[in-house]
Amino acid sequence: MPEKRGYAKGIAKREEILARALEVFADKGYRKASLREIADSVGLSQAGLLHHFSSKGELFSEVLRKRDEVDSAASDLDSDWTGAFDGFVGIVRHNAEVPGLVQLYATISAEAADPEHPGHDYFVSRYAQIVGGLEQYLRAEQDAGRVRADADPRTLARLAVAVADGMQVQWMLDPSADMADAIEAYWSLIRSAPAS
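When we follow the working numbering, the leftmost residue of the sequence shown carries the number 167, and every step to the right adds one.
Calculated from the structure, these hints are not laboratory results. Even glycine gets a Cβ: it sits at the ideal position worked out from N, Cα and C. Check the hints yourself; a few may be wrong.
[As the list claims (entries may be wrong)] Computed beta-carbon distance windows for the label pairs: (1) Glu-203 <-> Asp-316: 47 to 55 Å; (2) Asp-287 <-> Asp-206: 40 to 48 Å; (3) Glu-263 <-> Asp-309: 32 to 40 Å; (4) Ser-342 <-> Ala-317: 44 to 52 Å.
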């Protein structure tokens, strides 16, 4: 029984670390956030903090996974991707309020292209899920006549993600670049003209 209790305490501490790390990265940004500050805020040394993760790379990837959980719970996205476009735009709008997490995401997603990176599988799975969900949504919108039928829905889904990711980089370099407006402009380009 004590082993089970220790395991549960370890899981709880890991969740506490992730929640606190989300706050620190959102507030201070990827470059200015320190592991020491995160560790101190949860009553651990840096070594104690990293005891709960295999590496800094895993910690950063898990912070992003936690961010996705929090964002999904707060957005209009549901499991069948009904209303996916509004949910997608809502998440992008929210990202403008947490620049540090956008910096973390942009940096770690690029690093995770390396198959040896601890976040590689997470990002592969994340992109597959988002592209797949948007593809499903866009196919339904095509069937309903609301999205142009002459384009492959998977390609349109990939382009939506590319616009979002590309706009994040532009926004980090120039905060006047409106990420959500760019997604909405993309949407207007792929919508079908209303029947006259």
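Hint-by-hint comparison with the structure:
| no. | hint | verdict |
| --- | --- | --- |
| 1 | Glu-203 <-> Asp-316: 47 to 55 Å | holds (52 Å) |
| 2 | Asp-287 <-> Asp-206: 40 to 48 Å | violated (30 Å) |
| 3 | Glu-263 <-> Asp-309: 32 to 40 Å | holds (35 Å) |
| 4 | Ser-342 <-> Ala-317: 44 to 52 Å | violated (30 Å) |
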